[in-house]
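S.K.: Input sequences plus hints: build the corresponding full structure.
Top to bottom, those sequences are chains W, P and Y.
Quick note on the numbering used here: the first sequence kicks off at 685 and runs consecutively.
Quick note on the numbering used here: the second sequence kicks off at 3 and runs consecutively.
Quick note on the numbering used here: the third sequence kicks off at 106 and runs consecutively.
Bear in mind the hints are in silico, worked out from the structure with no lab data behind them.
A hint or two may mislead.
In the DSS-like style, the derived pairs of lysine-lysine whose C-alpha atoms are separated by at most 25 Å in a straight line are [as the list claims (entries may be wrong)]:
1. Lys-224/P with Lys-904/W
2. Lys-5/P with Lys-869/W
3. Lys-847/W with Lys-154/P
4. Lys-224/P with Lys-689/W
5. Lys-90/P with Lys-688/W
6. Lys-287/Y with Lys-273/Y
7. Lys-5/P with Lys-847/W
8. Lys-768/W with Lys-224/P
9. Lys-869/W with Lys-4/P
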Amino acid sequence: MIAKKRYAAPFIFWIIAGTVIPLISIAYYGFTSRSGGFTLANVAAMFRHDHMQALGLSLLLAFISTLICLIIAFPMAMVLRESKYGKQGFLIFVIILPMWMNFLLRTMAWQVLLERQGVINGLLGLFGLPHQELMNTPGAIILGMVYDFLPFMILPIYNTVSKIDSHLIEASYDLGATKFRTYTKVILPLSVPGIVSGITMVFIPALTTFVISNMLGGGKINLIGNIIEQEFTVNSNWYLGSGLSLVMMVFIILSMLLLRKFDKTGGENLI
Amino acid sequence: MKKVLGRIYILIIMLFLYLPILTLIVLSFNEAKSMSVWTGFSLKWYEELFRSKIMMGAIVNTFSIAVLAALIATVVGTLAVIGMSAMKQRQVNVLMGFNNIPMLNADIVTGIALMLFFLMVGMPRGYITILFSHVTFCIPYVILSVKPRMNKNTDRLFEAALDLGASERYAFRRIVLPELRPGIMSGFLLSFTMSVDDFIITYFTRGAGINTISTLIYSQVKVGIRPSLFALSTLVFAAALIVLLTVNLRQSRADKALAA
Amino acid sequence: MGELIRLEGIVKSFDDTVVLKGIDLSVEENEFVTLLGPSGCGKTTTLRIIGGFVRPDEGRVFFDGKDITDMPANQRPVNTVFQNYALFPHMNVGENIAFSMRVKNKPEAYIKDKIKYALKLVNLDGFESRRIDQLSGGQQQRIAMARAIVNEPRVLLLDEPLGALDLKLRQEMQYELVRLKKELGITFLYITHDQEEALTMSDKVVVMNEGYIQQEGSPEEIYDEPVNAFVADFIGDSNILSGLMVDEKLVRINDIDYPCIDGSEQGFPPRTPVDVVIRPEDIEIKPYGKGLFNGTIISKLFIGVHYEMLVQSEDGEIEWLLQNYDQHDVGEKIGMYVRPENIQIMQKPKSEAESAIELDI
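M.R.: This is the structure:
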């Protein structure tokens, strides 16, 4: 009753110009051949051997780094939940702070650490140990992903875990449940919404990144993000790039639908 | 025992999060260009950073775009929330569905989509296209921060103000806006940081001649890391630290005032 | 005392639900009128129509003889104490109370005096600079009252103002409200679903259900002479039974004939099916066989002053609810008697709206 609908007009304009039409243009280019006719070739190109390999590797690395983030983040969230109020604020602050640093700089930090002439090899040299090839490996990429995205896993999980009524946990103990049982049957199910949004916030950027793989993979390891990026920036084949993006979007939507199944709240805890 | 384990765990995570940053900070004061040998204290990389016109230009671009994008997104988003409060639930649901797309979509897809859109409408890519794109991905954050504050309670307060004789304008300015203010503020801050931090969407929607801090770092890292980037990292980290500390201190002071 | 508010034929629906189905209501100057009914009966909508927050689909609203149906809320000479108070959280107590006066650009000195006066009236002297979140529920309630009355409205609309308070505080506030009304000398239009609140405070009670006014009258009238089973059931505990008039002053319930007087007054001819209401405190206990009818006590509950008992009739068909000051044992066989004037004969409901619905209050 306060408002008039027309206040939403600029927003609707922005939705149309900034979201709807651009997505339609991806679809348009994705189904159009260089000569201008309709084609499925750009989409089907995903099945080319090198593209499949890149997609497979992307899925694998994204899966592993999401899993590592989850394994690190859940206990962290529990520790945070159980620490004192003031200390909790400080710890959250400490976790958020790196997120405020440009993620390219954070990724660069690992480059500095891992490089052949980098810090770790330098330290190894001090102790007379042989140089290690740390850079340009899938491991380096996973490390970069975990480092960049870990806070995005910790925060949503902490958000839900901290809201669990401690009476529920006490009730579980009171009813004779062991610690293990309380964790698996009470705390874990109640933290599902946080876990789900944590996974979305880590898995999707990890799956689609081209920056981390470029910086820590030395351009030798191609993820699907790299392939798409190159189609746009190097090969200028927007048609193929759009086609591949469409397929990647399908994977994103599929993974989100899969996650939604676990989260009955429908992603309200996304931020 | 459990407490000790918890502390050790926190310590390990903290080391993991901060050792790389610390390394950059230390190296930024290293005289040599080497990443593994300390040759002495020096500020020369800071000098190089401040001398670089490209770098300064990128910094100006980054912050001017961030401020403008956050401002526009905050205005558009807040107006949208007000407009939506007059709509039927079904219409709101549709709009919110679209609102979520840029947030859930992968940045690379959003970036490419916008780039193709600019190509299609024949808009030369540059400052304006970056700004437009940043507003696009900032609006959802503003709406998600402001919308929860526009609720039944806000309606009731508005009615109470009318009941006490206030005109709709007066009631809106004095009652509704103050209710929305915290949401508007956090929407603005969130937008600002998202904009400063963005690389991928900027990368696709910028033109050849224009750089933000992110795109500049990316192109420089590709050709080889210069220690001036360490100096930049140190400054960015310090800035983040100061901003977050002020926000947190103000917050905790407000909390204390509330508790008193 | 003249008529201050009149509603004529108010109809209102939201989406497809008709909430008010033709409300006619008259409120006298300086009256304490309570709209009483279960949730969803339309009482809040009625209040909001008077306050100017809802426009009726049909019908007119008159204030002091003037049609105010189209007058916006901020110009109406009424003020509202909202459910959950709607105090402005970013203003302190004084600023909240001053709000309506600042809107009207009253001089600050006047405002200051008025705040003092209002706070004194609600027994919260010196609370000017308190923050809203520092107040207890009862205090917030009083501030909401203070804020609404500084505007000197001729009518105060109160939307379940005590609903959020605990029982003891609620009872205290009932006295407060009556005192305040006396001191202010203005009209109160009060909304509640709590029949005790309605009966203790009001000059007139208006019972609503399913968008209709079921009955209006003094608390005594409503309690003693409910016009239908809904009102009887909603106001206090009662035994509501199906009966059949066998003679002008005789009603048959479950094969036993009871002398009554109401039947003739309202003129139910013999063989009319009727609803019979008997209040539990009106059933007297007699030795077994010495009353009109007999039964066995099947449960007993001590409720402070009296005992409440369930008594099963001998044929097992009826469970009577009794209230009595004397103690009887479960299992005891007793006789029971009801004076003819305590037997309420009512017409069987014609419409769904008048039927006694299941109340979940």
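S.K.: The structure should be examined with respect to each hint, and the outcome stated for every one.
M.R.: Do the hints match the structure? See the list:
With a C-alpha separation of about 13 Å, the suggested pair Lys-224/P and Lys-904/W falls inside the 25 Å cut-off, and the hint holds. Under the criterion of a C-alpha separation no larger than 25 Å, the hint pairing Lys-5/P with Lys-869/W is consistent with the structure, at around 23 Å. Between the alpha carbons of Lys-847/W and Lys-154/P the distance comes to roughly 23 Å, so the proposed pair stays at or under 25 Å and holds. A threshold of 25 Å between alpha carbons decides the hint, and for Lys-224/P with Lys-689/W the separation of about 49 Å lies outside it, so the pair is violated.
Between Lys-90/P and Lys-688/W, the direct Cα distance comes to roughly 12 Å. Compliance with the 25 Å bound is thereby established for this hinted pair. Proximity of Lys-287/Y to Lys-273/Y is assessed by CA-CA distance (about 22 Å); at most 25 Å being required, the pair is judged to hold. The straight-line distance between the Cα atoms of Lys-5/P and Lys-847/W is roughly 21 Å, inside the 25 Å bound, and the hint therefore holds. Of the supplied pair hints, the one linking Lys-768/W and Lys-224/P is violated, its CA atoms being roughly 45 Å apart against a limit of 25 Å.
A hinted pair counts as satisfied when its Cα atoms are at most 25 Å apart, and Lys-869/W with Lys-4/P qualifies at roughly 21 Å.
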